[in-house]
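Asks: Here's the letter readout for the chains.
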Amino acid sequence: MTTITPLISPETGSLESDKAAALAALESMLAIRSFEEAVDGLFARGLMHGTMHLSIGQEASATGICAALKPTDYITSTHRGHGHCIAKGADLTRMMAELLAKQTGYCRGRGGSMHIADTKTRNLGANGIVAGGIPIAAGAALAQKMRGESNVVVSFFGDGATNEGAFHEALNLAAIWDLPVIFVCENNKYGMSNSTELSMRVEKISDRALAYGMVGVTVDGNDVNEVYQAAVAAVERARSGNGPTLIECETYRWKGHSKSDKNLYRTKEEIDEWKAKDPIVRFQETILTSGLVTQTEIEELTAKVREATRDAIKDASAAPDSDPAELLTSVFREVK
Amino acid sequence: MPQSPIVMPKMSMTMTEGELINYTVTVGQEVSAGDVVAHVATDKVDMEVEADTSGKVIELCATPNQMINVGEPIIILETEGEDLLAGLFDAPAAVVETQSEQVEVVVAAPVVATETKSVLAMPGARAKAAELGVDLAKVTPASPSGVIQVTDLKVSVDPDRRAKARTQIAKVTMASAQIPQFTVLRTISIDHKFGKTAAKRAATLLRAWQHTLSAMPHLHVFWENDAATQLIDVKVAVAIEAPYGFVTPVISVPKNPVGDWDDAVTQIVEQAMIGKILVANLSGATTSITDLGDYDILQANVMLIAPQATALSIGSIKKTDNGLELIAGLTMDHRVGDPGDAAKALVQFEKSINEVI
Amino acid sequence: MTDRIITYSEAVREAISQAMDADPNVFMLGEDIGIYGGAFGVSGDLYHRYGAERIRDTPISELGIVGAAVGAALVGMRPIVEIQFSDFTAQAMDQIVNQAAKIHFMLGGELSVPMVLRAPSGSGTGAAAQHSQSLETWFAHIPGLKVVLPSNARDAKGLLLAAIDDPNPVIVLEHKLLYKTSGPVPAEPYRTPIGVADLVREGKDLVIVATGVMVSRSVAAAEQLSAQGIEATVIDPRTLSPLDMTLINDAIAATGRVMLVQEAPKHVGFMAEVAARIAEGPALYSLLAPVKRLCGMDIPIPYAPQLEKAAVPQLEDIVAGAVQLMREP
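Residue numbers (UniProt numbering), protein chains in the order written: chain U, 1 to 336; chain G, 1 to 357; chain C, 1 to 329.
In short, the hints are calculated from the structure, not lab data.
Mixed in with the good hints, there may be bad ones.
Lysine-lysine pairs mimicking DSS-like chemistry, simulated, CA-CA at most 30 angstroms apart [unchecked claim]:
(1) U:120 - U:204
(2) U:262 - G:56
(3) G:193 - G:351
(4) G:56 - U:268
(5) U:262 - U:120
(6) G:200 - G:344
(7) G:56 - U:304
(8) U:277 - G:56
(9) C:292 - G:138
(10) U:255 - G:56
(11) G:255 - G:318
(12) U:314 - G:56
(13) G:56 - U:275
Here chain U stands alone, though its shape is the one from the complex (with noise of 0.2 angstroms):
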């Protein structure tokens, strides 16, 4: 088992002035990175089968989302969920056994990158389905407010998944039933080649809440602490019964939609602006000039990472390969 430190809500308010909670912000967005580099090597160098989707460049909404989260909150994730699950505090070993295809993976090898769910951080999956984890998400905070339970649901989507029709059903149900759910739009202006101003009209994503008479806004999602402000006022908001929020974090995936893009839809210099906009290089900064943290302390939290998931790679590269035996008696769970 690899695990990071498990997220903090700053006592100040800010995850940049309360040194604690930005250290952990900062291991969870580097250890994101860390991890879907190493996929990605992984990948590169013929160890690592199917595809997968990568989220390098927006570790921030991630992390900054998450952080604003209990432990007893849950999320839905995407197709690129690696950081979700991180951040939500999932064990990296079984991820990397996931995708190394090993019994010991979170699916036992069935689900692969794109269906990673994780019942003890209350994950309830990523979704190779676009907008497939929107109505579920409303679900499951039906399931909470019917319940009497405090707990919110975050649901995580891509700026592609607003133009499906479960997004707008998902929306219009979670708002006229007041439910406690924040919807996260990841919005890294592609979905897979096509741009947000060929896919759609209006100017800023988080403006399609007014439709449904909710609260849209929209965040610079590469800043983890935007990001977390605006988690806060909307987990607030969904807590004390008045509703959804839609948030909007406008961010960049540096690598390609999938391991088959060739990048023929953008220009080296729109993917060199963003990477400009590091949000883990933005972060450090901040709090190395405030004096927050050390030069050295960062040093260590990224050695510390590093090793964490050479650690998940060894671990997972040890464990047995997924074991067609039981395939057949695990389409349904047994009646009781």
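Place chains G and C on chain U using the hints.
Replies: For chains G and C alone, kept in the frame of chain U given last:
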């Protein structure tokens, strides 16, 4: 300074190798993460390869037009930071081959060919006819539809069938009589218990005989046109007593049988005993085994089936204090080997069978 | 157990109500199920008895409704979704097929979706092509979904209670023409096991396997056949997925003749699967005549009453089919 390879990237699920088109950097050049360092071509697309980390190029590992396997280095960089995966994997992982071993079953001579005239019959009637050995073409259906039903079948055995089988067997044995052959007998001691019926013994005998022939490849040959041809895969014609005489399903014996291979063999033999062979194919055997251990005879002096050079036979099987003793006979083409070779083969067979059990 | 004669839709309602009494996690959601009482009156007065929270009226939003049910089920609720007409499941197919059916397997067994989706199915109401289909094969083809078609009031209650208990997604297709039919139903809660076929009638000459509304139609046909000296066994598989072939195989072994009756179009229908399973043996070797299928025509359900009737097997078609089968080969 640590070194980090830029490898041939896997760019699609099916890609296993790529062709280097050209380098866009030279040795000694500093590159940043994201810089294009080479162009490569795959079966699907031409792609730019980017440096995944910053550093100085210290080696270009390939030349243009060279094919490079996925995961193998194209460029070596000297880097500030360590390669995240350094030392975790020494070499690209071998592609796991999970080819399943398949039992090939074919009918070898002597065989009784069935009539394939178009006859309308219900499946139940066909099954019953096969069981009774009735030729459906000779049955007159009672129904006006002309379809034969179970009730149309009189319990009568086709008198032609046994005769036809004998004719086939005559052909094979007459050919065999031209081969200069001899048989060597030996008592084989086995430390373990062993299948009580020929069907249950078959898999073990097949494994042991495969093992023996692999150890003595000069005996595993065909004698054809006055010369021996070396054989690799062991495919055994297993002679089985069936209702109309011997049938010989051919079973290919893999080097390391896996899974339920033994059960599959037992099933093939049991089916053959009632005259059913799965795939109608008349060739393929490289050797044969005849197990008459069920009949408590001393030994059968079996004949070779040309161009095979060896035929193993199993006779009397007796219990001993710590296992079993059986009498094995090895018939051999004298042109391929001498009685001494056969004797050595039976010594090896004893070793082999104790090993595979 | 105390049997009363109640209608099929009362039996469904009673099952829902007994499940809701026994478990606070059970709730119902769907279009017009509240004060309206449901498009076919199935939810009836449940809204007044359990309130708007648990008899939850929804907008016309099938994808959203089913998705919400999947999400609620994932965290421990026991939602019963009513889709107003089974035809409208097409709107919600992603949540049914790609989410509910796959989650347990795909996520390595960590989670499951104990959701029930009920929908009125079938023709006979003059509602034409978009409100009259029999779509059971869509669902039965998807690993991870259980599919039941209750053919009478007793099974409507027992299968629904079993479906609500089941930790997996269960699709319950109720036939519109059956809602007003009556039959003996025990007052107490009971479970009709999912995956077990029912021997409705015994006869020595042929087997009729029928689903949904075709079951009662086949029983009526069997009575007429009996008058002609032909005794038919009638089997209702009740559950299409997972399918229990034991009873069907045994009955064929005893009679040697089988007729498969469904309302849905013949081409690639559920009975094609039953026929294939028969062909895979052992029942094949007992056959005295070829397997006969009597199915809906391969057309959209038409509007005009005489056209609609012609599109699916009727009582006289079943009688004629059986007589013909007895003459074969």
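Asks: Tell me the hint numbers this structure goes against, listed in increasing order.
Replies: 1 and 5
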